[in-house]
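J.: What follows is each chain in one-letter form.
2 protein chains.
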Amino acid sequence: MTLKVYSTLTNEKEEFKSIIPNHVGMYVCGPTVYGLPHMGHAKSYVCFDVVRRYFEYLGYKVKYVQNITDVGHLVGDADEGEDKIQKKSRLENLDPMEVAYYYETKYFEAMDKLNVLRPSISVRATGHIIEIIDTIKTLIEKGAAYVTDEGNVYFDITKFKDYGKLSGRKIGEGLSGERIEIAKDKRRNEDFSLWKKADETHLMKWASPWSVGYPGWHIECSVMSKKYLGDTFDIHGGGIDNMFPHHESEIAQSEVANGVKFVNYFMHNNLVTVGGKKMGKSLGNSSALEEVFKKVAPIEVRYYLLLNQYRRPTEFNIEAMLKNGEAYKEMCEVVTKGKEKFGVSDEITSDKVKEHKTMFLDAMDNDFNTALAISYLLKASKELSSELEKGEQDAKLISDYVNFFDKVANPILGLPFELENKTASDSSDDTSLTNQVIEELLTVRSELKKKGEYSLSDEIRNKLNSFGVEVKDSKDGFSFKIVNK
Amino acid sequence: MTLKVYSTLTNEKEEFKSIIPNHVGMYVCGPTVYGLPHMGHAKSYVCFDVVRRYFEYLGYKVKYVQNITDVGHLVGDADEGEDKIQKKSRLENLDPMEVAYYYETKYFEAMDKLNVLRPSISVRATGHIIEIIDTIKTLIEKGAAYVTDEGNVYFDITKFKDYGKLSGRKIGEGLSGERIEIAKDKRRNEDFSLWKKADETHLMKWASPWSVGYPGWHIECSVMSKKYLGDTFDIHGGGIDNMFPHHESEIAQSEVANGVKFVNYFMHNNLVTVGGKKMGKSLGNSSALEEVFKKVAPIEVRYYLLLNQYRRPTEFNIEAMLKNGEAYKEMCEVVTKGKEKFGVSDEITSDKVKEHKTMFLDAMDNDFNTALAISYLLKASKELSSELEKGEQDAKLISDYVNFFDKVANPILGLPFELENKTASDSSDDTSLTNQVIEELLTVRSELKKKGEYSLSDEIRNKLNSFGVEVKDSKDGFSFKIVNK
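Protein chains in written order, with the working numbering: chain A, 757 to 1241; chain B, 757 to 1241.
Don't take each hint at face value.
One copy or two, it doesn't matter: identical chains are merged, so the pair holds either way.
Derived pair list, reagent style DSS-like, types lysine-lysine, alpha-carbon separation capped at 30 Å [to be verified]:
1) K982 with K961
2) K1017 with K760
3) K983 with K942
4) K817 with K844
5) K1097 with K1050
6) K843 with K817
7) K817 with K961
8) K1079 with K1034
9) K1095 with K1219
10) K961 with K942
11) K1219 with K1097
12) K1095 with K1051
13) K843 with K983
14) K817 with K983
15) K898 with K915
16) K760 with K1110
17) K1205 with K1237
18) K1219 with K1205
19) K917 with K940
20) K982 with K893
21) K1079 with K1219
These are computed hints drawn from the structure, not numbers from a lab.
Produce the entire structure from the sequences given, and follow the hints as far as they go.
T.: Structure (structure tokens):
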């Protein structure tokens, strides 16, 4: 099978063909850094991390550009309200760049924990004001943007004949559904801000031919994607909530300015829901990742997010995360056991495992269907588990199963199937010490049982339970599992 | 005592007075992101992290700005050679911004491990080209910079009467000691680049009134410190190897452009040496922090760096780091023991501990003399240890010692005196499980000894030893220590 990608531009699964053979250029809208990263961020960036990882697994060299919006994103999408970072800066009495840098740091901290690989380039809007001004000049020269007496510049949406080709909206439909308070100097609702004049109190501002001001929200992505990926590039990703007006506006600006197609494949991940509805502000910080991570291990959050293909919504539900986390940990346990006993094979030759691998890759080829792909892992894990319980074990088969998890599923999904349920953090030394000590404690317990010292052996078990270590006895010994506390 | 800071501008310890009461603005030269962070970076940023922490301990609100040099730092200091990042990008066949972002990430990863707090604002040179061009314009208008036929702009050092006030160099002495290959269009050796025309193959370039090019190395720091800290600010820090020409040039540019004093206190940390000599390139990557961290725990590297006051050099010596790391770990052990038994007092009232605290703070007040400050910790740790061995223990005294380490030394030095020898990472849960399990194993061992089961009890001890856990028996039980493997 060949890789098929669902492009929101055509609403179809299309065969993927890169512009430059074996290279993929992708741009994903990054966070606006005025608040803590939450489940919505996790969903989007885990999904696109898997997209990137899968391309790399297939042998592509990926150039993954992601932006940091540190200026120009207003509180409302229809060019009204205050700049989000400026507002936070005012409320917290900090330099806007202190606000932006703080939340940028928080964002990457959370992404690191989710085992999301860093983009190849992380770019800040404030770092590209020159290029933004240049592009706006081009748009004005081409007659697609107008300067108002107020010193603002707007994109004239009537000058882009394909307006709505992404979202299906038509001019005149307005920003239906959004509360609008339209800037007075705009010619029509759909026109959007390229440059805004800053008032006296605004801290982030730059000189421009039109006013001392700052860029609108949409223009940064057109400018930075062009700078690092070229006029036309392979994949543009983002949350479905960014499709309109953000991505629609990007297309309009870029295609008018550059005169060529902007993006070959537009990919949109679905949202995180609560009770089936879009996760709202009323949730407060409860979906902030630092809160979620107190209850669920980050790698289990990642696993949970991948249980839905990226175009499906994910329900925010701690219990469901924990429950599925158990399934993930069981896989980790089985794989670790197999690995410790028989290692990882160099190549999968057993038919059974080969088939799982084929099905897994087919699922990934089918628009990154991680949900389906994971189902083969669960199947494989069950089979591996029963193989491990057999009296006479097939070493090659077991090491093939381990290969499937270790060399196929892990690099693609970013899920290390390791007992300690961690991302590749540096605390593995500690964990292995913990495991060693627990193992020794249980070995002593076995000795004590043999000697009939049951009160002491029971004490050991009870203590371990109280520490969150579950002990299972079996005919050939014992096993244990460290349970989330 | 009041805080005294040694300023390289006067070569004297001066009483510290901030421009705005209770606020400190500090700027420290950050890394040029074209290679892995090494011991030299660790020395500089750990030292200035302690400066920042001490100000915060004293109740100042610190605005700490640090730059990322991602363009303009040439291979040679005398404006010759290629841009360092451009060169790396050519060699590695990557976008220069991929190179810069990769090493920026590596830098912060290492700093996080060293328990170095993030600056309030981390700024990139490429993000401030507009402001750089504006400042160069001002310098040209003031007659202190000249444009050459080649499209380059240089600062005319004869236009700054105080040239040499930092480094003591005089015009005409040349760049003695440095290999020079002077740009042909410069009027004199000491003139330095503000703007360089880019050749066709150069990737990072911007339009300017003089040429499509990129900024010289020094100008970025003048521009970014002004933008975030104002024309005159409190402290400028950096490695002593940056004093000339970098900081000397910064002063010249800033004072001419702004017409006021640039910085009140210039602080320079000394270098890392090998065999007493400046650590050279010939070391290769052996001082790269990721290599060092394989041998020495990051927090012990930090401790080792603080054993010399920042104006003294630090000898790069793994054995010495490990040896001193042992002393640090012993302190951690003693403090943890005291804390577990009697907790942390709210306020130090015991005369003995009060005196240590006074002496410790005096040392810090004396130009951040961490070497002397740590000597009081070692003393206090010894006293605490013998107090803990007494039959009748003074709970208040012990909790006062713990207070000294926990509430004074830790926030100031960034050294958590915890048994696990970690920075405040999120693996503490695991460590506490490890400790619980070891404790249980040793309790079982005590039981076994009582029962005369010596072979089993010995086995436990041997096993623990083999895992890297040292067991000490005493009359009232046992204690253990997790030794670095």
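J.: Each hint should be assessed against the structure and marked as holding or not.
T.: Verification of the hints:
| no. | hint | result |
| --- | --- | --- |
| 1 | K982 with K961 | both (23 Å within a copy, 15 Å between copies) |
| 2 | K1017 with K760 | within (20 Å within a copy, 62 Å between copies) |
| 3 | K983 with K942 | within (28 Å within a copy, 32 Å between copies) |
| 4 | K817 with K844 | between (38 Å within a copy, 18 Å between copies) |
| 5 | K1097 with K1050 | between (33 Å within a copy, 28 Å between copies) |
| 6 | K843 with K817 | between (40 Å within a copy, 21 Å between copies) |
| 7 | K817 with K961 | between (37 Å within a copy, 25 Å between copies) |
| 8 | K1079 with K1034 | within (23 Å within a copy, 57 Å between copies) |
| 9 | K1095 with K1219 | both (28 Å within a copy, 23 Å between copies) |
| 10 | K961 with K942 | within (21 Å within a copy, 34 Å between copies) |
| 11 | K1219 with K1097 | both (28 Å within a copy, 21 Å between copies) |
| 12 | K1095 with K1051 | both (29 Å within a copy, 28 Å between copies) |
| 13 | K843 with K983 | both (29 Å within a copy, 20 Å between copies) |
| 14 | K817 with K983 | within (18 Å within a copy, 38 Å between copies) |
| 15 | K898 with K915 | within (9 Å within a copy, 45 Å between copies) |
| 16 | K760 with K1110 | within (22 Å within a copy, 71 Å between copies) |
| 17 | K1205 with K1237 | both (20 Å within a copy, 29 Å between copies) |
| 18 | K1219 with K1205 | both (16 Å within a copy, 19 Å between copies) |
| 19 | K917 with K940 | within (24 Å within a copy, 53 Å between copies) |
| 20 | K982 with K893 | both (15 Å within a copy, 29 Å between copies) |
| 21 | K1079 with K1219 | within (24 Å within a copy, 36 Å between copies) |
The structure meets every hint from the earlier list without exception.
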